[in-house]
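Colleague: Read off the chains here:
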Amino acid sequence: MKVTIDGRVLEVEPGTSVIDAIFHAGGDVPYFCSQEYMSPIGACRMCLARIGAPRKNPDGTWILDEETGEPKIFWFPNLMATCTTAVMEGMVVDSTSKDVKRAQSSMVEFHLINHPLDCPVCDKGGACELQDRAYEYGEGVSRFEFDKRHLEKHHPLSELITLDRERCIHCKRCIRFFEEVPNDEVLNFIERGAHTYIESVEPQLASNFTGNITDICPVGALLDTTSRFRGRNWEYEHTESTGMDDSTGQAVILDARTGRIERIKAGHNDEVNKTWISDGTRFGHEYADHAARLKTPLVRENGELRAATWEEAAQKMVEGFAKLDSKDIAFGFRADSTIEEGHAITEIAKHFGTTRVDHHPRAAVSLQPRQRGATLQDVATADGILVFGDVTEEAGIVDLRIKDALKGVDPAPLMNHGPPIADLRLKERMHRKTEILTVAAPYEANLMRHAARSIVYDPGREETILGAFLAVMRGESPGREFLEFKDEIEAAVAQLKGAKKGVLILGGFILNNPAATALAEQLASQLDLKELRVGPMANSRGLEYAGFYADNAEDEFDALLANSKGIFISHLNPAQAAPFKASFGRAEFIVVHDMFLTETAQLADVVFPATSVYERNGTIMNLEGRLLPVKPAPIGAGTAQDLHGVAKAIGDAVGKRLNGRSIRSSRRELKKTLRLELADVPRTGQLITQNSKRAASREYMESLRGDVLMVPSDYRVEYLPYNEHLLKEHGLPSLRLSPASAETFELRNGTEALIEIGGLRRRVQVVVEQSWTGARATLPALPEQPVGDGYSLVVVSRGASADVELAS
Amino acid sequence: MSNGRITTRHDERFSPTLYKHIGVENSHTMEYYRSHGGYDTARDVLTNRTPEAVVKDLQDAGLRGRGGGGFPTGLKWSFMPPPDGGPRYVVCNADESEPGSFKDRYLLEDDPHQIIEGMIIAAFAMNLTFGFIYIRGEYYRGYQNLWQAVHDARKAGFLGKNIFGTGMDFDITVHRGAGAYICGEETALMNSLEGLRANPRLKPPFPAQAGVYGRPTTINNVESIANATQIMKHGVEWHANLGTEDSKGSKVYQISGAIQRPGLYELPMGATFRELLYDFGGGPVGKGKAFIPGGSSAPMFPWRDEFLDMPMDHGTLAKNDSMLGTGGVIVIPEEKCIVDALYNLVRFYAHESCGKCTPCREGVGYWMPRMYKKLLAGLGTPHDLEMIEEMSVHIRGRSFCLLADSCIMPIQGSLRWFRHEYEYLIEHGKPMYEKKDWWQE
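Heads up: the protein sequence lines correspond to chains A and B, in order.
Under this note's numbering, the first sequence has 530 at position 530, and the numbering climbs by one with no breaks.
Under this note's numbering, the second sequence has 234 at position 234, and the numbering climbs by one with no breaks.
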């Protein structure tokens with residue numbers, strides 16, 4: 001469609017909004033209420049322009065201008081909000097004339113009359129849309145001579161977000177975000193006219209994506225409490241990186257100042273997370289600056305750990321391992337290490353003559369789908385989705401992309417200025433096609449609220465529920481256990497059979513069970529579904545892709561710990577559980593690479609201080625198979641090093657240049673095996689559809705069943721004690737129980753308790769879910785007790801910590 | 001006097017129809033309504049007519065919406081897409097809250113069956129099965145009578161399944177508003193009806209495409225619905241012969257303010273203000289200074305012959321930079337300070353601004369009343385007057401819905417005719433007319 005923007009003629013798609021046409025043409029108009037990926041509402045009235053269009057005669061020909069012979073332009077009587085006006089053939093837009101500028105400056109004036117002039121103390125100052133637009137389009141003086149509105153300045157919407165009501169300009173972005181993006185309606189306007197303010201009805205904001213409203217707030221009204229008053233925008237060093245808190249690979253911007261991470265903002269990756277990130281990723285960074293972090297290596301001397309230099313520590317490790325037979329030495333590392341680090345630890349192991357290396361936690365099956373893999377764009381455009389698991393907690397971005405699919409609006413192509421500012425296909429309170437979504441999980445998952453069909457099965461019955469689906473596919477009964485869900489399963493199968501772009505999403509509950517996964521594969525192939533597998537950690541798929549895992553049962557992580565005399569362990573804390581602690585007692589030499597003096601580190605002979613995920617340089621692969629770069633933020637953590645640093649220190653100690661001693665060295669070596677230059681991976685990622693290797697299925701641990709099911713959580717439970725604000729928001733990890741289970745274990749709703757599961761003592765808060773039936777209990781997983789495991793529950797003590805101390 | 005178009009109530013061929021029964025004891029009851037041929041029209045239409053014919057009749061009769069906009073009702077009905085199996089709605093907008101308008105109130109209180117009958121006809125014409133009547137929360141008596149009427153109609157088989165034995169299903173829900181002027185705006189009304197915050201919605205999509213619950217919806221004013229009943233009863237010819245070529249039919253005008261006999265008067269469209277204000281209203285109390293022709297948002301006219309002799313129809317008033325609106329005429333007496341009168345109006349609009357868009361929330365809702373307050377406190381400067389004028393330009397036509405325009409239009413009207421009163425106030429620090437004791441005998 002041909003339009004003329006300020007004299008420039010260009011072609012745009014029909015249905016494009018005028019504001020997008022203006023930006024596409026390289027022009028600019030101010031706006032506050034429009035926001036990429038959200039509905040345009042035309043509330044701020046900033047983007048006014050003069051618009052005209054030709055008209056047709058009744059016979060279909062253009063009405064011509066008598067003088068020029070060209071189609072005559074009929075100007076609209078009023079200035080139009082360009083964000084809510086669609087382009088028309090031959091439309092002419094004037095966004096730069098004096099009248100239009102005057103109208104825009106007048107709107108700036110209206111915006112500013114009740115906006116406090118506290119920019120010098122406002123955290124948004126320097127990165128504020130209102131400030132920028134007032135400079136660009138305002139008159140610079142205010143003619144408003146009355147008192148401004150006075151409202152609450154520090155209203156905590158939650159422990160993580162603070163609202164300054166005076167600064168709010170009522171653009172409605174935050175309210176619309178909650179309704180449109182995660183579809184968790186938790187905010188609305190209260191009162192009307194100039195008294196309008198934002199409020200949530202229930203205390204706290206019940207959503208996993210609340211932090212995004214601080215990114216999209218065009219003024220300093222909504223602020224991230226963790227970073228409030230901690231720095232000015234121009235002082236932050238921004239690092240574009242990739243979120244390491246779940247397997248989706250969400251783009252993040254790490255904002256650091258004077259060697260600390262102060263806040264994390266959402267990055268933009270159109271095909272992955274768009275501009276949204278989950279709260280666990282945004283707010284879960286405070287541990288990286290915690291005072292308890294190890295700053296120097298430690299070595300054991302006379303039974304005590306003492307501070308040492310890296311040279312000393314590396315020497316000690318080399319000496320310690322030298323006394324052991326190389327086949328008794330094993331290496332374990334965490335699944336959010338980068339691909340390059342995976343290479344480094346493998347090279348270290350090689351140096352000590354062993355190949356016994358495994359990462360943890362690991363799914364029991366390959367994370368590469370056997371048939372066609374789905375991308376997140378496939379999820380967002382799907383017309384039938386079957387989810388096994390709780391993706392809201394396990395991989396928040398998958399949840400958001402499913403909600404995109406429910407809206408039934410395909411992702412818009414990028415324009416010259418990026419995603420459309422005002423996509424007219426998006427509306428407030430759109431109809432959601434819940435009928436395309438089926439969710440099955442061992443408990444009431446949040447996503448079930450948005451699904452037409454949901455199935456709650458008993459923990460450990462993954463094989464049976466998939467069997468029931470396959471039975472219905474064959475036209476049989478789903479079996480006695482799932483008779484009550486017969487209608488749901490039949491409807492789901494019928495819907496997915498009719499779907500042309502169906503997607504099957506498998507969470508940890510299924511991927512921990514090879515037999516269930518095999519059935520899921522059958523289902524996927526029979527229904528012709530693309531498959532998305534949610535790995536346990538940020539780089540689970542990448543480590544499999546590059547081959548850094550144990551491919552025989554004796555070398556798997558748990559076996560490594562139990563059967564080795566020399567152990568190197570990175571970022572994992574198995575010794576917090578009593579059984580492992582006992583087996584560690586038998587190990588002769590333990591080296592730990594971690595950020596904190598964990599229970600495992602306390603048993604070690606050598607401890608290396610480790611970098612947090614925010615200090616790493618490297619590459620990961622997300623759940624789709626997309627390679628994504630991880631960049632280090634400039635933050636100080638003593639002499640902490642990643643696994644490359646360990647490799648280098650060991651090389652120095654023995655006078656050799658070990659491969660993997662630096663990221664460059666690792667990439668050089670990996671280029672030979674992966675046939676890929678990891679340094680060239682673009683910021684938005686590189687999709688690899690076929691893994692070079694595919695892990696074999698492991699044995700399913702039937703023994704890991706019990707009273708309490710380990711479930712995913714959006715935030716990282718192991719770092720919760722070090723994340724002050726996140727801890728305040730969430731409290732202790734929640735032990736959720738059905739009323740029957742609560743009675744069995746004599747636990748009361750809202751109380752604290754110390755429990756022991758799988759030999760691990762954990763302090764929890766008790767939440768009794770009144771709607772749950774039968775005996776049911778869940779607890780957020782730890783890396784050492786991954787999603788899908790089950791343990792028997794022993795209540796050590798009930799009540800707050802003070803009481804516990806008395807009891808013990 | 002006895003041929004050609006009927007444009008005055010003095011014409012012997014004219015007799016009130018809409019308001020025939022208003023004020024009669026027990027006129028709101030089913031017995032009374034039935035005894036005057038009630039529901040016979042609907043029965044006749046449902047039995048003997050086709051929906052297309054009804055819509056065509058309405059178009060031929062030239063009925064224009066009575067809520068203020070004057071949009072042709074028949075055309076609006078013809079916009080409804082054909083049935084697709086899903087629900088489609090007709091909504092009666094009884095959220096009459098414009099200062100100076102009170103015509104719907106008496107229809108709701110004294111003749112609710114007329115509205116229900118009109119709704120049945122509308123439902124038949126648009127082939128739908130469910131209607132809402134959104135009634136202003138403050139109209140409690142109207143609500144009671146309307147609710148009783150709906151109940152009685154249901155009991156009599158005029159609402160519900162298979163009405164009049166024609167196989168047509170239709171029912172009505174009466175929904176009470178909660179005291180917001182903005183709910184009279186049709187898209188805000190739909191939001192309110194759905195239980196959402198009463199903010200106007202974006203148009204397009206228009207209600208006929210996606211209205212209540214996203215389904216095709218037609219929204220009509222109470223008086224338009226009542227008129228539909230009358231057109232079906234008395235015929236297209238009868239209606240088309242009433243009023244002017246531009247605006248046909250009869251209309252209920254309201255007079256309030258400084259007038260001898262305030263109240264409601266049904267006149268054919270095109271009657272003059274003089275006829276309404278002198279022949280029926282009995283002339284102003286004291287000396288008239290100005291009158292607002294059609295509800296508070298219509299720009300006022302000074303009390304001059306040229307305006308008093310103006311016919312009351314949509315076209316003529318639009319040509320004179322005002323509007324017929326709801327036909328609620330407010331008389332402003334000579335002794336009333338015009339700035340003070342406007343301050344009263346501005347406060348109303350400031351209070352009712354929904355807060356969605358910036359110019360209305362900040363301009364109408366916050367800045368404008370403070371400017372007037374300043375002027376009336378005697379602290380105004382010539383610059384303030386310019387400021388009001390300039391602000392008016394920046395608000396009018398640039399806000400999201402018409403509420404802000406409704407505030408600005410009377411301001412601009414007052415400045416057009418009574419600028420000297422503003423200037424006097426600024427110069428002398430006190431109003432030209434200082435009378436305050438309006439409520440003393």
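Heads up, a few of these hints could be off.
[As the list claims (entries may be wrong)] If you anchor each label on the Cβ, the simulated ranges turn out as follows:
no.: 1; chain 1: B; residue 1: G69; chain 2: A; residue 2: G7; range: 31 to 41 Å
no.: 2; chain 1: B; residue 1: E335; chain 2: A; residue 2: E191; range: 50 to 60 Å
no.: 3; chain 1: B; residue 1: G86; chain 2: A; residue 2: G69; range: 13 to 23 Å
[Claimed, not checked] Calculated lysine to any residue pairs in the SDA-like style (CA-CA distance at most 20 Å, straight line):
no.: 4; chain 1: A; residue 1: K648; chain 2: A; residue 2: K148
no.: 5; chain 1: A; residue 1: K148; chain 2: B; residue 2: G214
no.: 6; chain 1: A; residue 1: K407; chain 2: B; residue 2: R370
no.: 7; chain 1: A; residue 1: K148; chain 2: B; residue 2: P204
no.: 8; chain 1: A; residue 1: K407; chain 2: B; residue 2: L379
no.: 9; chain 1: A; residue 1: K101; chain 2: B; residue 2: G397
[Said to hold, decoys possible] One side of the interface only, derived from the structure: several residues of chain A facing chain B at Cβ under 10 Å:
no.: 10; residue: Y135
no.: 11; residue: F146
no.: 12; residue: Y457
Worth flagging that the hints you see were computed from the coordinates, not collected in a lab.
Note that CB positions come from ideal geometry on N, CA and C, so glycine has one too.
Colleague: Could you run down the list of hints and mark each one as holding or not?
Modeller: Going through the hints against the structure:
1. G69(B) / G7(A): 31 to 41 Å: Once the Cβ atoms are compared, 37 Å apart, the range 31 to 41 Å for G7(A) and G69(B) holds.
2. E335(B) / E191(A): 50 to 60 Å: 37 Å, violated
3. G86(B) / G69(A): 13 to 23 Å: Since G86(B) and G69(A) have Cβ atoms about 48 Å apart, the given range 13 to 23 Å is violated.
4. K648(A) / K148(A): Measuring from Cα to Cα gives roughly 62 Å; hence the hint is violated.
5. K148(A) / G214(B): 39 Å, violated
6. K407(A) / R370(B): 44 Å, violated
7. K148(A) / P204(B): Judged against 20 Å, a Cα distance of about 35 Å means the pair is violated.
8. K407(A) / L379(B): Distance ~55 Å between K407(A) and L379(B) Cα, so the pair is violated.
9. K101(A) / G397(B): Roughly 16 Å between the alpha carbons, so the hint for K101(A) and G397(B) holds.
10. Y135: 18 Å, violated
11. F146: Cβ of F146(A) sits 5 Å from chain B, so the hint holds.
12. Y457: This hint is violated: Y457(A) lies away from chain B, its Cβ roughly 34 Å from the closest one there, beyond 10 Å.
In summary, the numbered hints that this structure violates are 2, 3, 4, 5, 6, 7, 8, 10 and 12.
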